[in-house]
Amino acid sequence: MEENLQKTCLYDSHVALGARMSPFAGFIMPIQYSNIIAEHQAVRRQVGMFDVSHMGEIFVCGPDAERYVNHIFTNEIRGFAPGKVLYGMMLYPDGGVVDDLLVYREVEADHFLLVVNAANIAKDYQWMLDQAAGFDVQVDNQSEAWGQIAVQGPEAEKKVVEVLGEARAAGVGFYEFYDSTWKGSRMIVSRTGYTGEDGFEIYTSVEGTQEIWQLLLDAGVTPCGLGCRDTLRFEAGLPLYGDELSAEITPVEAGLGLFCKLDKDEFIGKDVIARQKAEGTRKKLVGIEIADRAVPRAGYPVELEDGTQVGVVTTGYHSISLDKSICFALVKTECAALGTPLWIRIRSRVFPGQVVKKRFYQTNYKK
Amino acid sequence: MSKVQEGLLYSESHEWVRVEGPNAFVGISDFAQEEMGDITYVDLPDLDNVLKGEEFGALESVKASSDLYSPVTGTVSERNTDLENAPELLNEDPYGSWIIRIHMSNPAELDELMDAEAYAKFIGQ
Chain S
38 MEENLQKTCL YDSHVALGAR MSPFAGFIMP IQYSNIIAEH QAVRRQVGMF
88 DVSHMGEIFV CGPDAERYVN HIFTNEIRGF APGKVLYGMM LYPDGGVVDD
138 LLVYREVEAD HFLLVVNAAN IAKDYQWMLD QAAGFDVQVD NQSEAWGQIA
188 VQGPEAEKKV VEVLGEARAA GVGFYEFYDS TWKGSRMIVS RTGYTGEDGF
238 EIYTSVEGTQ EIWQLLLDAG VTPCGLGCRD TLRFEAGLPL YGDELSAEIT
288 PVEAGLGLFC KLDKDEFIGK DVIARQKAEG TRKKLVGIEI ADRAVPRAGY
338 PVELEDGTQV GVVTTGYHSI SLDKSICFAL VKTECAALGT PLWIRIRSRV
388 FPGQVVKKRF YQTNYKK
Chain D
108 MSKVQEGLLY SESHEWVRVE GPNAFVGISD FAQEEMGDIT YVDLPDLDNV
158 LKGEEFGALE SVKASSDLYS PVTGTVSERN TDLENAPELL NEDPYGSWII
208 RIHMSNPAEL DELMDAEAYA KFIGQ
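Note that the protein sequences, when read in sequence, are chains S and D.
Quick note: to get the working numbering, add 37 to the position in the first sequence (first position is 1).
Quick note: to get the working numbering, add 107 to the position in the second sequence (first position is 1).
If you are wondering where the hints come from, they were derived from the structure by calculation, not from laboratory data.
Even for Gly, the Cβ is constructed at its ideal location relative to N, Cα and C.
Hints are supplied without guarantee of correctness; some may be wrong.
[What the hints assert, rightly or not] Pairs of lysine to any residue, SDA-like flavour, derived with a Cα cap of 25 angstroms:
(1) D:Lys228 with S:Met58
(2) S:Lys361 with D:Arg125
(3) D:Lys110 with S:Ile74
(4) S:Lys395 with D:Tyr148
(5) S:Lys361 with D:Arg186
(6) S:Lys361 with D:Ser120
(7) D:Lys110 with S:Lys160
(8) D:Lys110 with S:Asn72
(9) S:Lys361 with D:Asn187
(10) S:Lys361 with D:Ala165
(11) D:Lys110 with S:Tyr70
(12) S:Lys160 with S:Leu42
(13) S:Lys361 with D:Asp153
(14) D:Lys110 with S:Ser71
(15) S:Lys361 with D:Ser172
(16) S:Lys394 with D:Tyr148
(17) S:Lys361 with D:Lys159
(18) S:Lys361 with D:Glu195
(19) S:Lys361 with D:Asn192
(20) S:Lys361 with D:Pro194
(21) S:Lys361 with D:Leu151
(22) S:Lys361 with D:Glu199
(23) S:Lys307 with S:Ala170
(24) D:Lys110 with S:Arg57
(25) D:Lys110 with S:Ala53
(26) S:Lys361 with D:Leu115
(27) S:Lys361 with D:Glu141
(28) S:Lys395 with D:Ala171
(29) D:Lys110 with S:Ala75
(30) S:Lys361 with D:Lys110
(31) S:Lys394 with D:Leu196
(32) S:Lys361 with D:Lys228
(33) D:Lys159 with S:Leu42
[Unchecked claim] Computed, partial: chain S to chain D, Cβ under 8 angstroms:
(34) Lys298
(35) Arg382
(36) Val387
[As the list claims (entries may be wrong)] Residues from chain S that face chain D, not an exhaustive set, calculated with beta carbons under 10 angstroms:
(37) Gln43
(38) Ile68
(39) Cys265
(40) Asp267
Using the sequences and the hints given, assemble the complete structure.
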């Protein structure tokens, strides 16, 4: 099994740190170094870092780059300033999601960086090439040449400034980035993340990534695995492709319609999104809180009191920061209103709960 | 390295059994608690009959749930309800924290369980 798995440029460090390694998205990745709760709390209370080098970096440039990216991307990049980052999706014509991603508009005219999910790199790249016909653009998958570290938590700014030796990191706004170099290689530093805390994502060469990771370790930043990356993003109400978004779940169903701009002339999937926004959808992603400590896990049925199934759990935890059992679930729209009583079948028992807001945890972004 | 306590019997699904007359106290091994990580919830069974190999409850850690399987056939006669409020006891003291007491109906089944030495080998130690 393992010979088919890719290693990130930080693999040796993970092993040296004693991480529990497990397959994820075709990579062998650290799930935890110490334990999930301690790593989760490090990010909420101080600062933690994640190896996210498995993520994909696809560059787009050329005279038609803006028109092309706007064609495949749901959010509006026209009028969007260089040095800014935008979240959105690429859709199939039927509104299903190819991937959710970040678009970086580079300072150099007609240059964009698209950061995509590790599991979807090959699929996304092929999709992007297929859609490029008729556009004067170059689409370049550079994922293997780049490493990426996410530094997250209330002390992230201090540590990033200190380790990179670049005071300007402190001046970067939420969903903005700047371009720099590390030992002669290009480095991109953005104020982005996937935890609900303030933080940065640092992209550079694999060698640079290894050096910066070590410097962050030496500076006392807690290495954090994918285990707590999931508990953190979940509490912050952020979707994970494969759980809350997929080819079968549209952004409107997932509650992410605001990232699909209908005032754009066109984008792939726009017709379906426009119809769903106007007419509603049959299913909707909701948050559900249950009173018991039992944990609703992905795939568990969501029911009415009489046992009729009305949906399914997509992600669930006993939340570390909130000490509550909560989940995302895709349910029939008539059951999606806040406060609706719903029951979750957990093994042989059924637990009562109710629909609550999906952002379970109050995020602490520095805007 | 996980601790394996002498004097207990072990199942392949990592439950331990402490026999006291007709009663079997059932818990999980140190190996099992290490594999699971921080245990946050114990789903205890009703006081009812249970078959050897049958699921009788579950443990939840942050990342996953894992089922508990009965090492013997009998009737669940007591549940350690202290674990409902303090599931972490299973991490802190796995051999001191029994989960259920089963009144055995077929004690001969105990012969099919592993002793400490065999279990240590089973988990690769």
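**Prompt:** Which numbered hints are broken by the structure, listed smallest first?
**Reply:** Violated: hints 2, 6, 7, 17, 26, 30, 31, 32, 33, 34, 35, 36 and 37.
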